[in-house]
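Residue numbers (the working numbering), protein chains in the order written: chain A, 36 to 361; chain B, 1066 to 1463; chain C, 109 to 368.
Keep in mind the hints are simulated off the structure, nothing from the lab. The model shown is predicted, which means the values in this text are computed figures rather than measured ones. It cannot be assumed that every hint is accurate.
To be verified - Below are the DSS-like pairs computed for lysine-lysine, each with C-alpha atoms no more than 27 Å apart in a straight line:
#, chain 1, residue 1, chain 2, residue 2
1, C, Lys340, C, Lys216
2, C, Lys298, B, Lys1171
3, A, Lys359, C, Lys366
4, C, Lys340, A, Lys326
5, B, Lys1112, C, Lys298
Said to hold, decoys possible - Partial chain C-side listing against chain B, Cβ under 10 Å, derived:
#, residue
6, Arg304
7, Trp361
8, Arg365
Virtual Cβ for every residue (Gly too), placed ideally from N, Cα, C.
This is what each chain is made of:
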Amino acid sequence: MGSDVFFLAEFSDGAPARSALELAAGAARIAGESGGAAVALAYGPGAAKGAAGLGAHGAKRAIVLGDDPAPAITYSGSAAAAVKAGEPLVVLAPATPNGRDLAAALVGLLGLPAFGPARAISVAGGRIRSEQGTLQGTVITLSEPADGAPSPAVVLVLANTFAPTEPGGGQAEVSQAEAAQTPFGAAMIVESHAEQAAAVNLEEATMIVAGGRGVGSEDGFAILRDLAAALGGAVGASRAAADAGWVPYQLQIGQTGKVVKPALYLGVGISGAIQHRVGMQSAENVVAINKDPDAPIGEFADLFVVADLFAIVPKLTEEIRRRKGN
Amino acid sequence: MTYRLTPEHEELRAVVRELAEERIAPRAAQIDESREFPWDLKELLAKQDLLGAGLPEQYGGTGLDGISQAILVEEIARADATTSLIPMVQNLGALPIVLAGNEDQKERYFPRLASGEWLIAFGLTEAAAGSDVASNRMRARLEGDCYRLTGSKRFITHGSIANVLTVFALTDPDAGGRKGMSAFIVEADTPGFSAPRVEHKMGIRGSPTAELNFDEVQVPIANRIGEEGQGFKIAMATLDQSRLGVAAQAVGIAQGALDAAVAYAADRQQFGQRVVDFEGIQFMLADMASRTEAARQLTYAACAAVDAKVADLPYWTSAAKLIAGDTAMAVTTDAVQVLGGYGYISEYPVERMMRDAKITQLYEGTQQIQRVVIARQLLLRAGIGSRSKASAGPGAGS
Amino acid sequence: MKIVVCIKQVPATAAEKRYTSDLRLDRSASENVINPLDEYAVEQALRLQESGAVENVSYLSMGPAQAGEALRRAMAMGGDDAFLVTDDALAGADEWATARVLAAALDKLAPDVSLMGMASDDARGSLVPGAVAAIRGLPLLSYASELRLEGNTARIRRLNASGFDIIEAPLPVVASVTDQVGEPRYASLKGIMAARRKTLETWSLADLGLSAAGVQGGALTRVVEARAPEAKPPTERIENVGADEAVTKIADWLAARKLI
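Okay, chain A solo, but in the shape it has when bound:
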């Protein structure tokens, strides 16, 4: 069993996804603890050309799995072969649908212990340790591979758990993975539809303004968009707002939607029911604006403003613009 830290690096449209840069930084840090190297498993359009550039973000080496715009899981065969050959200590995967699928395939193909989504990863006694919230965040567990478990461990990592480092110099040493077909290759994307400009990926956003039932209408979300723009962040929503059709489903945060981990979550007109809370409870700072002084969100927010959101939000947007302008 080695000490290298492998991580999945997804590319799309020729550039690395933000998750690739975050995991590069995280992998480099953990590799420092384990005494090994951070190694990228790069895949997706632009991977072949861009893999070397991951060296500037913390990767020592990069193994290119392939360049095609196929579902990520199609690369699991070559990923598994690379993992078997490289014998790393751990494989980090982003907790996105693609990352989870690829991680799942590795777990199934190689019979590996799986952890996460991790809020912290460390090395102890030569083993990976993963800290995660379970049972809707009511219990924090620290886990590690059992005695005699196969290696490596696979750990899912949420966005915003690691911060990308400033790009330094350096190129990663690039190699090609052995192509390996799997039955997963039988699933093909036959149509691709773009319905709207790709919104800021909610799972990667560091600032989120989320609206709920209190926003009242599709038009009501306009002031939230302004506030999000002023903060440099993204708009999210509770299930009630998405079900009402005020925002597209992709903006829904919660048990059946996205799990987000922003530095700032600003919930507006959201009551804070548990089904929503599980999607945003890892946020570093939670601010809530609600005219109901007893709204459940008031219990776990860091700052709770009891006020009419329509009176506060536009003025807040203006004030933030003013301060940033200075």
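Knowing the structure of chain A, use the given hints to seat chains B and C on it.
What follows is chains B and C alone, placed relative to chain A:
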């Protein structure tokens, strides 16, 4: 009288409770304020096969045992008393046919009632004949192969929205109410039938309580239930069973109020502590809880008694309805008290629950009538003849 | 055409949950329900059965004996029969062990589609569908907001940040669905009564040709510590002030934390 709650009972409770909490409770305040019958919830209950509980499977019902029927009503009433009347009255209206109808009548009407496609109501009470059923005045005159019904009824739950009603009228006025009354199945679209007004009420506001007019309404002989002159007996036998629906409703209302009071008291802080930590409040909640449980268990025992067809069945059902109705009124009143000022305003549900609870002490036999029934059974058991006034009988207001 | 829906019994979201002293989830401690995300898989399977695309819908679960309740509840929503894999050796099973066991059971049942919800409520790992597909050597159609069967092909619609993709694979497949497939139905009373007459078969590891050693004693991972989350400082509240003052206070608060 012994009974057992089975895993099937618990499963039914869990399923109905989920439905009630997710779909019925959120509508309760609005139904009360708008005083509009919740047709959407009626459709939902029909779709979930919850309107045919008292009808045999062979006609499309689910043929549930008495306790299951009580649990069904109880869990809906916990969320909203108005909505719980939908399965209750569906059962009440059909009972005369269940108890005394013939095969042809059952085949013609039960399937549509079981599916919930049709609603049925029970037309017994008149303006001048509430507790004193025997002084009903509505006439049914035989003319060839059909009867002509003329008269009016009052306080008929769902009378204005039912597709069909079981109606009681005098075929032999000279014989008096006890011997001269007959029971009929009347379809609401028959010419001469109308529901000219509905009442404004203290509670159960989404449930239309109607005044009905019959003007020479034609009813075929095939729609007479049982023989001429059996009407009073059929009505009494119906109420002996249907009052358990009221008992179950009362238990549900009480439980809903208790749950609301506990939740509020656990959240509200005064004088630096949670209201629920004051012993005075705990004592109130304890009394509310134990009384509700007692009412519940007595209701289930009465359901078992009905299923077992015990000889003193009215003793059981009247005792259950008496205890449960009084419990609902006491518990909801105390729930308002626990919430203090907030209990009085409509932002919180307990004031509505208190207004809803009152009817359980009034309809399908007032609490006073229940006591008459129980006392008579006691005397019978003790072998003491009752010095009964010939005209005193258990009455109804429905 | 046959679908097997894999469901998991989990503690109800709002209930109090805890780990036992040996750091396994104490499943008896709270009200247990069908994992809410699996209910969408049940709903999708039943819609396909109602439309005639599928003849047979079965349910499969791995868990302690009381997981049979979740299977009965699923059968009350619809479907034909259910299978429960239960074995003491599986206590505390992790994702790989779960996938290994489900894969063996699915191989035995050989459906055209093995259908699951996209994640489980209590552990949120969501790796089981992919791992099962890998072990069984089948294509994976994951995160479907709609599943259709056309001839010998399964087709899904998967939403992404800017729209959606249509992804196809030849049967048999493993698929997972999101909550966009449609609201799960309530079990009707007749459904509940009918479910009592449907069969629920119980299998042990031996019935699947697996041994405790073969599933690595049930867990490749172990929990070293379980604790309550860090206590947060009490919520700061801004109330009973005018809008301008509130806005200033909020902005100051954000600035103090370098968020603006």
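Each hint tested on the structure:
1. Of the supplied pair hints, the one linking Lys340 (chain C) and Lys216 (chain C) is violated, its CA atoms being roughly 49 Å apart against a limit of 27 Å.
2. At roughly 20 Å between alpha-carbon atoms, Lys298 (chain C) and Lys1171 (chain B) fall within 27 Å of each other, so this suggested pair holds.
3. This hinted pair checks out: Lys359 (chain A) and Lys366 (chain C) have alpha carbons roughly 12 Å apart, not beyond 27 Å.
4. Only pairs whose Cα atoms come within 27 Å are accepted, and Lys340 (chain C) paired with Lys326 (chain A) is accepted, the gap being roughly 23 Å.
5. Restraint check for Lys1112 (chain B) and Lys298 (chain C): the C-alpha separation of about 10 Å stays at or below 27 Å, so the hint holds.
6. The restraint placing Arg304 (chain C) at the interface with chain B holds, with a minimum CB-CB distance near 7 Å, inside the 10 Å limit.
7. About 25 Å separates the beta-carbon of Trp361 (chain C) from the nearest beta-carbon of chain B, more than 10 Å, and the hint is not met.
8. Annotation: interface hint on Arg365 (chain C) violated; nearest CB of chain B at approximately 29 Å, more than 10 Å.
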